[in-house]
Amino acid sequence: MDTGFFVTWLRDAATRIRLQRDRLTELDAAIGDADHGANLDRGFTEVCKALEDWPPTAPAQALLTAGTTLIRRVGGASGPLYGSAFRAMGKALQDPVTLPGFAAAFEAGVVAVERLGKAAPGDKTMIDALAPASRALTAAVEKGLTPYEAFHRAAVAAEEGSRATIPMRARKGRASYLGERSVGHEDPGAASSALILGALAGVAVKEATKEVD
Amino acid sequence: MDTGFFVTWLRDAATRIRLQRDRLTELDAAIGDADHGANLDRGFTEVCKALEDWPPTAPAQALLTAGTTLIRRVGGASGPLYGSAFRAMGKALQDPVTLPGFAAAFEAGVVAVERLGKAAPGDKTMIDALAPASRALTAAVEKGLTPYEAFHRAAVAAEEGSRATIPMRARKGRASYLGERSVGHEDPGAASSALILGALAGVAVKEATKEVD
Amino acid sequence: MKKLINTAQSVVEDALSGMAAAHPSLRVRERVVYRASGPRAGKVGLVSGGGSGHEPLHAGFVGYGMLDAACPGEVFTSPVPDQIIEATRAVDGGAGVLHIVKNYTGDVLNFELAAELCDDVQVASVLVDDDVAVEDSLYTAGRRGTGATLFVEKIAGALAEQGAPLAEVARVAADVDERSRSFGIALTSCTTPAAGKPTFELPDTQVELGIGIHGEPGRRRVPMASARELAAVAMEAVHGDLPLTGDLLVMVNGMGGTPLMELYVVFAEVEAFIRGKGARVSRSLVGNYVTSLDMQGFSVTVCRLDGELTRLWDAPVDTPGLRWGR
Amino acid sequence: MKKLINTAQSVVEDALSGMAAAHPSLRVRERVVYRASGPRAGKVGLVSGGGSGHEPLHAGFVGYGMLDAACPGEVFTSPVPDQIIEATRAVDGGAGVLHIVKNYTGDVLNFELAAELCDDVQVASVLVDDDVAVEDSLYTAGRRGTGATLFVEKIAGALAEQGAPLAEVARVAADVDERSRSFGIALTSCTTPAAGKPTFELPDTQVELGIGIHGEPGRRRVPMASARELAAVAMEAVHGDLPLTGDLLVMVNGMGGTPLMELYVVFAEVEAFIRGKGARVSRSLVGNYVTSLDMQGFSVTVCRLDGELTRLWDAPVDTPGLRWGR
Ligand SMILES: Nc1ncnc2c1ncn2[C@@H]1O[C@H](COP(=O)(O)OP(=O)(O)O)[C@@H](O)[C@H]1O
Ligand SMILES: Nc1ncnc2c1ncn2[C@@H]1O[C@H](COP(=O)(O)OP(=O)(O)O)[C@@H](O)[C@H]1O
Ligand SMILES: [Mg+2]
Ligand SMILES: [Mg+2]
Ligand SMILES: [Mg+2]
Ligand SMILES: [Mg+2]
Numbered sequence: 001m002d003t004g005f006f007v008t009w010l011r012d013a014a015t016r017i018r019l020q021r022d023r024l025t026e027l028d029a030a031i032g033d034a035d036h037g038a039n040l041d042r043g044f045t046e047v048c049k050a051l052e053d054w055p056p057t058a059p060a061q062a063l064l065t066a067g068t069t070l071i072r073r074v075g076g077a078s079g080p081l082y083g084s085a086f087r088a089m090g091k092a093l094q095d096p097v098t099l100p101g102f103a104a105a106f107e108a109g110v111v112a113v114e115r116l117g118k119a120a121p122g123d124k125t126m127i128d129a130l131a132p133a134s135r136a137l138t139a140a141v142e143k144g145l146t147p148y149e150a151f152h153r154a155a156v157a158a159e160e161g162s163r164a165t166i167p168m169r170a171r172k173g174r175a176s177y178l179g180e181r182s183v184g185h186e187d188p189g190a191a192s193s194a195l196i197l198g199a200l201a202g203v204a205v206k207e208a209t210k211e212v213d
Numbered sequence: 001m002d003t004g005f006f007v008t009w010l011r012d013a014a015t016r017i018r019l020q021r022d023r024l025t026e027l028d029a030a031i032g033d034a035d036h037g038a039n040l041d042r043g044f045t046e047v048c049k050a051l052e053d054w055p056p057t058a059p060a061q062a063l064l065t066a067g068t069t070l071i072r073r074v075g076g077a078s079g080p081l082y083g084s085a086f087r088a089m090g091k092a093l094q095d096p097v098t099l100p101g102f103a104a105a106f107e108a109g110v111v112a113v114e115r116l117g118k119a120a121p122g123d124k125t126m127i128d129a130l131a132p133a134s135r136a137l138t139a140a141v142e143k144g145l146t147p148y149e150a151f152h153r154a155a156v157a158a159e160e161g162s163r164a165t166i167p168m169r170a171r172k173g174r175a176s177y178l179g180e181r182s183v184g185h186e187d188p189g190a191a192s193s194a195l196i197l198g199a200l201a202g203v204a205v206k207e208a209t210k211e212v213d
Numbered sequence: 001m002k003k004l005i006n007t008a009q010s011v012v013e014d015a016l017s018g019m020a021a022a023h024p025s026l027r028v029r030e031r032v033v034y035r036a037s038g039p040r041a042g043k044v045g046l047v048s049g050g051g052s053g054h055e056p057l058h059a060g061f062v063g064y065g066m067l068d069a070a071c072p073g074e075v076f077t078s079p080v081p082d083q084i085i086e087a088t089r090a091v092d093g094g095a096g097v098l099h100i101v102k103n104y105t106g107d108v109l110n111f112e113l114a115a116e117l118c119d120d121v122q123v124a125s126v127l128v129d130d131d132v133a134v135e136d137s138l139y140t141a142g143r144r145g146t147g148a149t150l151f152v153e154k155i156a157g158a159l160a161e162q163g164a165p166l167a168e169v170a171r172v173a174a175d176v177d178e179r180s181r182s183f184g185i186a187l188t189s190c191t192t193p194a195a196g197k198p199t200f201e202l203p204d205t206q207v208e209l210g211i212g213i214h215g216e217p218g219r220r221r222v223p224m225a226s227a228r229e230l231a232a233v234a235m236e237a238v239h240g241d242l243p244l245t246g247d248l249l250v251m252v253n254g255m256g257g258t259p260l261m262e263l264y265v266v267f268a269e270v271e272a273f274i275r276g277k278g279a280r281v282s283r284s285l286v287g288n289y290v291t292s293l294d295m296q297g298f299s300v301t302v303c304r305l306d307g308e309l310t311r312l313w314d315a316p317v318d319t320p321g322l323r324w325g326r
Numbered sequence: 001m002k003k004l005i006n007t008a009q010s011v012v013e014d015a016l017s018g019m020a021a022a023h024p025s026l027r028v029r030e031r032v033v034y035r036a037s038g039p040r041a042g043k044v045g046l047v048s049g050g051g052s053g054h055e056p057l058h059a060g061f062v063g064y065g066m067l068d069a070a071c072p073g074e075v076f077t078s079p080v081p082d083q084i085i086e087a088t089r090a091v092d093g094g095a096g097v098l099h100i101v102k103n104y105t106g107d108v109l110n111f112e113l114a115a116e117l118c119d120d121v122q123v124a125s126v127l128v129d130d131d132v133a134v135e136d137s138l139y140t141a142g143r144r145g146t147g148a149t150l151f152v153e154k155i156a157g158a159l160a161e162q163g164a165p166l167a168e169v170a171r172v173a174a175d176v177d178e179r180s181r182s183f184g185i186a187l188t189s190c191t192t193p194a195a196g197k198p199t200f201e202l203p204d205t206q207v208e209l210g211i212g213i214h215g216e217p218g219r220r221r222v223p224m225a226s227a228r229e230l231a232a233v234a235m236e237a238v239h240g241d242l243p244l245t246g247d248l249l250v251m252v253n254g255m256g257g258t259p260l261m262e263l264y265v266v267f268a269e270v271e272a273f274i275r276g277k278g279a280r281v282s283r284s285l286v287g288n289y290v291t292s293l294d295m296q297g298f299s300v301t302v303c304r305l306d307g308e309l310t311r312l313w314d315a316p317v318d319t320p321g322l323r324w325g326r
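Protein chains in written order, with the working numbering: chain V, 1 to 213; chain F, 1 to 213; chain X, 1 to 326; chain W, 1 to 326.
Ranges of calculated distance between the beta carbons of each label pair, as one might list FRET restraints: (1) Thr45/V x Gln206/X: 28 to 34 angstroms; (2) Leu19/V x Glu229/X: 27 to 33 angstroms; (3) Thr15/V x Arg171/W: 49 to 55 angstroms; (4) Glu308/W x Thr15/V: 56 to 62 angstroms; (5) Lys206/F x Gly38/X: 50 to 56 angstroms.
Since the hints were derived computationally from the structure, they do not count as laboratory data. Only a predicted model underlies this, so the values are computations on that prediction, with no experimental measurement involved. Glycine included, C-beta positions come from ideal geometry on N, C-alpha and C.
Bound conformation, chain V alone (with noise of 0.2 angstroms):
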């Protein structure tokens, strides 16, 4: 995993950010504000900008630049979130990235919204997407899977953990204000770190296709 794949995965989840946009807006419109598309189609569309201004030479530079860019230009709860999961999970990691250390560093990024929003599992937050991607993470680290199958693993917890919120009661950000009526809807944030997730293992195929290459 070398710097070109750190990019292409913001690439790839840009892209699928602006396709799902819409998705998303409609989700935060049921329990939010409808601006969560717009915000994450904002944000990513300038961490691609970031990226070509300031191509990174390092994996934990392109996601410093990342979660740099996500806190300067997205606002919202989603962009400090987002932005600090992303520069934790900078900061945590190590060159060169082994599956291992993306793991550790991921934990690191969750950690770090947790921390920040002080929501915990169950609330109803992108953290119910995202707790479950880095347990999938650390389990395939434990059985020594390939990164293409760890990632591929996470993107499906996240997945499931994701939809895993429609019934939940939310319990932080706005969602929560609506109480009852929170329940029998998707949480953006999770649908959003999902995406993410998705991108991650898009690019882990395309490596190990590479690799076969």
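Starting from the known structure of chain V, arrange chains F, X and W with the ligands on it as the hints suggest.
Relative to chain V, chains F, X and W with the ligands alone:
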């Protein structure tokens, strides 16, 4: 035609306007400001109250009370115009009331509207119902028709006059602002004039029937 | 239709109760809104009025430096002569009273009837007719009075406050009207409480050009366009009638249902347009001032200022709807 | 959706251009709105901000006696730390800066991040959380900040203008928040420019109770009712949380698409309700102040005044959105 005749006329006009209130409002919505039904309903309801509070002792008094009440309670364009019409009619009316006397007084009412509103036939206003009605009354007098026949013809003339406003282009009142777009709609004030003349014919039927008893 | 009202019949009465409760500086009596401080001896009194549904016009402009009394009629229906007579007599401080009348058949007739019956008071009257969407010809009732009413009320009010005589106040009021032009565009119809449904239907893809402030349909419909394009349509219409030069007083006015954010977007375009013509926005107002119930849309009103009018515009005003310098 | 905008992306930028053009008293630089007069040495600086779409909040409250700077984010999205840092540094007159923050996760996080990075400036912060529709418990993000923000900004602004030190300004600001409660009711959803359709669907027969100012759905829906009944629902909710006694500052606030006439109708009912509880409306505000784009509906905010707060409320203020005594 005694005082009771005029009171009944005004009351029946009030009832017809109440029943046609929404239609008048819709006509006014198309080329005006959607208040003609409310305006006349409010006005004639007040007229009925005034006729109870100050029972007229002469036909002219009934018309003066109606006119003054319309001026004092309606506002808008139609308040002063109808108010002045009834007042002018009341001032011109001789006791006892004969058909020729009625026709002359009615013409005085129409002239008052023309003078105040500076509108002429063809301008797509209430005049286009009132003027033909007045002409029909005069013709009926000349032909020596009964009041019932005369009022019936006046009502028909007002109806036809009102419908004839449909293809006209408005040159007075709010509808004139629409220019060409005023074409194709019936003038609300002409329509309400037709209602008032319809009430007149209706009361004359009642009278005629009463005489038969 | 959903409206924050009790009944369609009582809406004007109920709103006036709210105004009276909210503004100790006002006194509401028999459907007339006065300054609580009463008339000032020797000062020309200013009375305006018209249908309700245009708030803050007119009652919100009663106070120091502007109106002495406002006569609100039913929704979109001009007031009755009784109100105007009452108001005229009550605010006369011995120097006479100016009636500020928007040019609508109903307003004109009712104010005329009232003036006739107030023969104990010296009454002058100014007719506001600023809307360039309406041809001013023998074939119309003449131009409508819209946004410029605020300009006339403010500037004449300042002059009256300074003690100018009736003829002078009336002359300047007419001058402000002559120097002012407006044009309005609706994105949606308004809904009157009495009718309970939109006065006109406008598809989501179209706007209505040249609307008035009573939900009267405009002169034509065109496809919805950007703020820049719509501002240009309005400004070209104004400019075609009164060339934009020199120092201008410019109001971008919301029709009641348009949020302030959008009005600022329009103002930016209007200002750029005016600069493009070599003129200058010297004074401005952005907000919902001369409204049409819940209609979405805007109007632009422009007045060519001179030094004296600028001074009068800047003079202190203290009303619920307009306040500065005091 | 029809909106007076150029593009959904540029709406905040374009509206800020309009504000800058309309108000010579403001200076807009890098998405921060300042007083053109700049910071005053020795005066505590007041910075607020939040998502756009609530105009005139916050940028319309920049000026003498109120804010020194406002940081507008994208529509309904809190500003980014950079804006807040810029603003904080720029308005510091040496006496420190108060951040006035509405209690939303996004606003809290971004202001916190900014404050951390401004370690060269003495920063205090007050959290506004007045909306009784939200339970203030471990199971929510706490109450939302809505209408009381205006009260905090006005009163803290007056105190800062008088030269009070940062700790004192922060204390009184928090006191105003503690004494204030709000409740909002929507007749329609708002439509954000980016989404292009209403955030929620609300049938013509229902209203949404306990809404915030971002189109978040409320706590429950009930059948549409009269202004009197809806005012009572809102006031009971407020009264249940903060008993209405003594002298009250009361704002009946429109959500952006509600005409002033209807707000006055609501105010009359609110005032009667308060009188019925034996309390008194001592100061009031009726209008569109803390809005939610084009949403129709209203909120009521009540603050229990004391002599000192009344004096500070009455103190001169001179901003585009609120102006008196000067
Ligand atoms: N305290 C929190 N901890 C973790 N995630 C949160 C928290 N608050 C909100 N979120 C996440 O942020 C998402 C909303 O992001 P976004 O809509 O961009 O911001 P905002 O809520 O400010 O409009 C939510 O769906 C949720 O996943
Ligand atoms: N100058 C005029 N002369 C005669 N009738 C007029 C004139 N102006 C308007 N009207 C009549 O008044 C009617 C409108 O009345 P109404 O809706 O009650 O008043 P407003 O136009 O003030 O809302 C028109 O349909 C027309 O028949
Ligand atoms: Mg959101
Ligand atoms: Mg009408
Ligand atoms: Mg009318
Ligand atoms: Mg948001």
